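Top line first, the protein sequences correspond to chains A and B.
At position 260 of the first sequence the residue is numbered 260 (the working numbering), and the sequence of numbers has no breaks.
At position 89 of the second sequence the residue is numbered 89 (the working numbering), and the sequence of numbers has no breaks.
There's no promise every hint is true.
Stated by the list, open to error - Mimicking EDC-like on lysine to aspartate or glutamate, the simulated pairs with C-alpha atoms at most 20 Å apart in a straight line are:
#1 A/K165 to B/E175
#2 A/K331 to B/E64
#3 A/K170 to B/E64
#4 B/K25 to B/D48
#5 A/K165 to B/D169
The hints are simulated quantities; they were obtained by calculation from the structure and are not laboratory data.
Here the structure is a predicted model, which is why all the values come from computation and not from measurement.
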Amino acid sequence: MQILQEGKGELIGWHDPDEAREWVLNNKSRELKDKTMSVKEAVAKFVHDGDFIASGGFGHIRVSMAVVYEIIRQRKRNLIMAGKTAVHDIDILVASGCVNRAEVAYSFGHELRGLSPASRRMVESGRCKVIAETSNAGYQLRWLAGMMGLPFIPSRNLLGTDTGKYSSCKVIQDPFSGKPINLIPAAYPDAAFIHVHRCDIYGNAQIDGHLVEDFELSRCARRLIITTEEIVDNEVIRREPWKTSIPFLVVDAVVEIPYSAHPSEMPGLYWFDEEHIAEWLKLSRTEEGADEYLQKYVYSIANFEDYLEACGGAKKLDYLKRRESYEEPMKAISYK
Amino acid sequence: MATKTRYNLRELLACNGSKMLENKKSVFVGTGLPMIASMLAQKTHAPDLFIIFEAGGLGPLMNELPISVGDSRTIYRAISASSMHDVMSLSQAGYADYGFLVGAQMDMYGNLNTTVIGDHDRPKVRLPGSGGANNVGSFSNKTIYIIANQCKRSFVNKVDFLTTAGYLDGPGGRERAGLARGSGPTELLPN
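Required output: the full structure, derived from the provided sequences and hints.
Structure below.
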């Protein structure tokens, strides 16, 4: 089969399908066992320097921020991050020096709020390298191929573009139609972290609302940390098994932390903390400001509960809940 | 009662963008002005406009303007709160009549750049990247563009980086590259 174009992006997180299967056989258990632990323990056990990491959700929606902060607190280094639809998560991980390489679909921007000064500064000064480009579907397809135990999955994504040229994909001539088609390589992140609405102690998780890419990502990650708003009994899962988004088979740790997504949005529960994100965006325009933020909200804080207090506590959380359910009006805010 | 007769250019762009969208058709919406234009369309001449958001929102009835193409407002009274896989697959299979994108830089064949200004490996300015834009541009049948800043810098002969496919190198460019036959940008709304 003729290869028409090879992307010049670095291929990360790919494994031979037999190697991937053997890894699953040797490292993932089919046993229903209690996987609950603290976020400190989960990150210490499952996130290592040099890992290829991926965050569930959508960058500033349903992100496991408790894990993000813990990665920073434990000063993990040389991480490669999947800039899938990465927004706030990648911004502070790059700014803190934990992530120094990224394969980028969307990163270094805060959507409507504007560009992210801190991580952009790190990229433009060469301290964080973009090792490959892709698109949102590109990432989702990488997880899909990994989830299916395949070396690649074909797609009409990225064809003809520089995004494709700088990706790690390969274009071939489709033997059925004769037309060019793109082969998207599988990805198996070393560690992924996903925040969910409820989960039992074994790792069976339910997500309310849109899944984004978490169906696929949860099933291709080598190690998966679930943070959950609440732990529920296994009976809740068994009673309505069509609601299971992630089965315990693929999960390695379960951490119960209400409001773990803060300041990102938790659909159906609480809104973005725009005030907090604005504080970060304003402070992080300088390196000193970024350090000040990290000192205030991460390094000087022992646990996530204390962090929530520092962010305004019950009063703020109550407001965010009412904002999410439309009981409070939208408020204009400045990010500059 | 005072009648509002003044409007700004963004509002004009949103209105014109909204008029491009047909009732009972689908639109795959990117971040920014396209969200506003699509919401306006659904609330005015196109109440049956089927809006598609990349994170999984299929057919919401727009209520509050989303902050993000992936937030809870994109699934408000939706037909389905699904997944990116579902949205991208449906679009690639032909269910997205329109795509609607904002671009920083565009060239004469309608190719968009949202990745870098300058050299890719040592960029003058690093922009966020494709996000879902490459997919909207690849998979939608007809793509509508809004370029918010019409100046020499935004319209170039050749983009610094070809993030999202317009017609690539000219007529037939998309088909030669393997993209869907007959697809591509059809409208540009400058200000």
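- Message: To test your reading of the hints: which numbers does this structure violate?
- Response: 3
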